[in-house]
Amino acid sequence: MEDNKLLKYTEYLFTGLFLSGVFIFFAFFYNNHLHFEEETQLFLLTGDFFKAKMGLPGGFSGWIGQFLTQFYFVSLAGPLVITILLFLMQRVTYRILSTINDNRSFFIVSFLVPLNAMLIICDEFYPLSAVIGVLISLLAGWIYTTIAGNSRRFVAGLLLIALTYCLAGGSFLSLLAVIVVFEILSAARARKNRVLGKTNDTPVFRMLRIWQLLIYIIISAGIPLFARQFLVQEPIGLAYFSEFYYDLRIEVPKAIPIMFALPAILMIIIYFLPSREKIFKAAIFIQIALFIPAVIFGLKLWTNFRAEEIMKYDYLVRMNRWNEVIKYAEKTPPRNNLSLAMLNLSLAKTGTMGDRMFNFRQKGTGGLFLSFAKEYVAPMMGSEIYYQLGLVNASQEYSFESMETTPDLGKSVRSVKRLAETNLINGNYEVARKYLKLLERTVFYRNWAHKTEKYLYNEDLINNDPEYGDKRKMIIKKDFFFKTEIMEGALNMLLQQNPKNKMAFQYLMGFYLINKDLRNFMDRVPMMNDLGYTSIPVGYQEAIMYVVGLSTDNPMEGLPYKISSDTKLRMQAYASIYTTRDNAQELLSKEFSGTYWYYLHYCKVDIKNVK
Amino acid sequence: MMNTKNILLFAGAIILASCSDIPGHFTEKSVSPVLFPDIADVTIPVNIAPLNFRLNGNPRKLIAVYECEKDINIFYGKHTIEIPVGKWHRMLNKYSDKSMNVTLFSKEEGKWIKYLPFKINIKKEAIDPYMVYRLIAPGYESWSEMGIYQRNLTNFNEETIIDNRLLPGNCMNCHTFNNNDPGQMMFHLRGNIAGTVLVKDGTVTKLNTKTNETISNCVYPYWHPSGNYIAYSVNAISQVFHTTREKRIEVMDSKSDIVVYDIKKNKLFTSKLISGEESFETFPSFSPDGKTLFFCSARKGTLPDDFNKIMYSLCKIDFDPSSASFGSSIDTLISSYKTGKSISFPRPSHDGKYIMFTMSDYGNFSIWHNEADLYLLDLKDGSFKRMENINSGNAESYHSWSSGSHWFVFSSRRIDGLYTRPYFAWLDDNGEATKPFLLPQKEPDFYDYCLRSFNVPELVTGKVMVNGRNMLKSIGADAKNITFEKKD
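Same order as they appear, the protein sequences are chains S and D. Sequential numbering from 1 applies to the first sequence in my numbering. Sequential numbering from 612 applies to the second sequence in my numbering.
Since the hints were derived computationally from the structure, they do not count as laboratory data. As the structure is a prediction and not an experimental result, all values here were calculated from the model. Some hints here could point you the wrong way.
[Stated by the list, open to error] Covered, in the sense of this in silico footprint (three residues per stretch, anywhere, with C-beta under 8 Å from a C-beta of chain D), are these stretches of chain S:
#1 158-165
#2 389-395
[Said to hold, decoys possible] Here are a few chain D residues that sit away from chain S, every Cβ distance over 10 Å (derived from the structure):
#3 686
#4 756
#5 847
#6 883
#7 903
[Unchecked claim] Some chain S residues judged to face chain D by a derived CB distance under 8 Å, without partners named:
#8 46
#9 189
#10 191
#11 233
#12 237
#13 400
#14 404
#15 405
#16 426
#17 431
Backbone N, C-alpha and C fix where the C-beta goes; we use that ideal spot for every residue, glycine too.
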């Protein structure tokens, strides 16, 4: 009795800890992955969207998965959704395993299925529909194992296999495995019981089960072929595994068959464990002792915190939380050009690019502009940069390309929103209306779409809007062909057409400084007059001081700006170390690594040819 | 003064009021209903699918009264009128070569409103019952879900011929048919299983159309009516992206020639007259008798600098199918020097009377040119005119004739300026086109949510029986190399 109580509390505690851990992990350590998943899908609450999904094997789990994924928009809703799904998964797995071995001491085994599901969705290419699909097959498996009559169970098995393929796609294979293993283990148990004289099971009875299994297997092999022949043209592998478990359609990763096989494997394992009505305390401790390293190993294998960092930068930029990007960069400096480009954009948006750019490790112009790549991450982030610069068409192009390269052949709500904006700014109102109409069919973008619809054909409203009006002022009037390789020319063109485009100015100066092109940099310094600068940004001061040190003329002559005494003093300190000490780089790196001088002397980057 | 029709309508309304929930009272509005798609006063073939539509605004209930002679057919809806296919076809068959008067009653803010009636004119001549097209997002360099599909024009059934669900990462384009025959088809595949897929006499062959002597793989195709040849352009195509809001994309050829593929001999051949260094030749098409090859030609320019100075004229050269040889000179039918514009997609009607073509300010990729319009060249007297009833303020581009040479389909971006949609119209014996109508869809809101363009709409006389699945073995096989010969 005492043992039972202990086991019950252990079950509650373990379940609570597992679910809390899942929630905390996704809410506070991996939340940006969820935001990323949300923005790269477009879930429409329309009958057509539902019908289109249901026309595909596994479309129901795809639809439910996308329906739930849209709630990732709210930071804590996503973790809650995942936690609930994993809880359901564990409960159903537990029920299935109980039909094989009802010794509750081994309850922790049932957590391996939700743990596996949790780990898999740490990879952004595994959608939530994979969890839904497995959950549906587990539910089907549970129903199957609870049906007592052999013939009734056989008919139900056939129906459940077909239904699971229809609703959940590839996880029907998981159901098949559960059914086959259940039948074999049941037969084995029956034989054992017959040997022990507990039943009078006959050989005919056992033969019938083998035929049943063969029929199950034949039906399971045939259903996807039938669907491929009459419903949807797709590669043979995808016909079996369906497209809602992994976004990249060109391959079926090994993790998917493993995920499908796991419930059946656990059934076999638990069959061989003691089934007596005895609580094995040691077994519980051993399971916990094995489970914890499994979690750690799994997280190491499946999580990608580098990607999480990039996604955080991206998310903050998407939400226009520029200061938070800079704060985050102070704690977690950008490790690649994607993050760096988002940081530089945030610096420019807060008007501090000239002051602070070299406080962070710059890695060439690739950290300013993101070149076009045929994938969906860099173009979406690149679109943000060009949008803020006033290169509306380039932003539109990048956003469209990002949408078209979304791996699951779907659309991206973030891209659609941006396309609505770029078309609105460009005055292509009917195209903008089309995108807004789509967004009106979503849960979280509906209000924004309704609000933005009022801008259509309303020139005054657009021109007076702080964001769209600003972009309208920056709009390019004299055409040129855009590509990232000609960014210097594009920025000069932007400034030529609108000398008040401070974003373009900061980027152009940043471009020259990164390229160590001080001649062009100095030529543009007088432009600060038109841009309302009251003082010279620190980074520019540092560059100017360097030029002053090399020149006999005073390049600041005639300009209303002064180099601050602080910069002059720092320059003297820097120069004295630089010119006198053998280990100058080591010494300077401590105090001067955030200066332009240090960048100029010690940072090796690919210099772009400046025309 | 009430005319007979109004009396009939009134009588109809009384009958309606007595047998349905329609009130006997309504306010007559002296305006035409704003419908999507716009089906008011269009001319349709007897076999077309129901022209379902919605009334823009906020109607609560709709009643559409279709009336022809003494018959009245009534359909109900909330904000759309969706007519059952069988009932629609019974109506069209009964009223072929006549007009239906359509009166729309709409319940708005609790009151019934009657709009001005409009007509739907029905032509007895059927349109080819199938249309094959490519669905792809109007993007830049990448594509998501795309493929070649066929639509039964008599109902709403759409089937996939081949798409990138079956062939992930691949692209398929330039599907074309010989004389609208669904059994003689070709299309290109680009990607890891690239090649030109030729379907003829029940066999599927994949060809590698790149030879050492030609600029590129074969690109824009046109079948010779004998079925023994296919004319192609070979083009060095590039694209650039505009920065001003008026334009998005510029697609241009920096080189192009015309070649002809001899299917029996598995050989490409050309003449120096249509593959010269100093000019760009593209968009070939054969006359219905097979003795003339039409094409577009422009003086060579430096690209991309001269992108808006390259203008294509419409030209022709004799072709002898028995000897597979070309004439000794080129005739210019419409000169870009005279028009100051550029021609693309010359498509002769099957009866040999006309060539329909697209004309834009410059270049040849007219779908990205808002100013691109359709024109008609009368081959008898050499005159040509802008097709006034057909064109809009947005791009009209690709077009294909139905077998009877009266019906034709063309692509237009008139709805929103970006997403290409297929429209149909009738060309009468005087060369005048009727008001076009949009490809009907079961749900009129379909186009609002469709994020793909309908590219290269081609009319065919029946269902295409091959599809990606049953062509998979041939598609997956190595492409058959072809040879090349240049003739003087």
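Per-stretch coverage check for the stretch 389-395 of chain S, three Cβ contacts closer than 8 Å to chain D | Holds, because 4 residues of the stretch 389-395 of chain S bring their Cβ atoms closer than 8 Å to Cβ atoms of chain D.
Once the closest CB in chain S is found, is it more than 10 Å from residue 756(D)?
violated, 4 Å
message = Quick check on residue 431(S) please, does its C-beta sit within 8 Å of some C-beta on chain D?
response = holds, 5 Å
Residue 233(S) as an interface hint toward chain D, with CB separation required under 8 Å
Because about 4 Å separates residue 233(S) from the closest Cβ in chain D, which is inside the 8 Å limit, the hint holds.
Problem set entry | Hinted contact residue 191(S) with chain D - closest CB pair below 8 Å | Since the shortest Cβ distance to chain D is 45 Å, the answer is violated.
query = Can the hint on residue 405(S) be confirmed by a CB-to-CB distance to chain D that is less than 8 Å?
reply = holds, 5 Å
_Cβ contact check, 8 Å cutoff: the stretch 158-165 of chain S against chain D, three residues minimum_ = violated (count 0)
Chain D contact restraint for residue 237(S) - C-beta distance below 8 Å: violated, 11 Å
**Study point:** Outside-interface status for residue 847(D) - nearest CB in chain S farther than 10 Å
**Key:** At roughly 17 Å from the nearest Cβ of chain S, residue 847(D) sits farther out than 10 Å, so the non-interface label holds.
With a cut-off of 8 Å on the beta carbons, see whether residue 404(S) makes it to chain D. holds, 4 Å
**Message:** According to the definition I'm using, a residue is off the interface if its beta carbon is farther than 10 Å from all beta carbons of the partner; does residue 686(D) meet that for chain S?
**Reply:** holds, 20 Å
Quiz item: Should the interface hint for residue 400(S) be scored as holding, given a Cβ-Cβ cut-off of 8 Å against chain D?
Solution: This hint holds: residue 400(S) lies near chain D, its Cβ roughly 5 Å from the closest one there, short of 8 Å.
Consistency with the previously given hints fails for numbers 1, 4, 9, 10, 12, ordered from lowest to highest.
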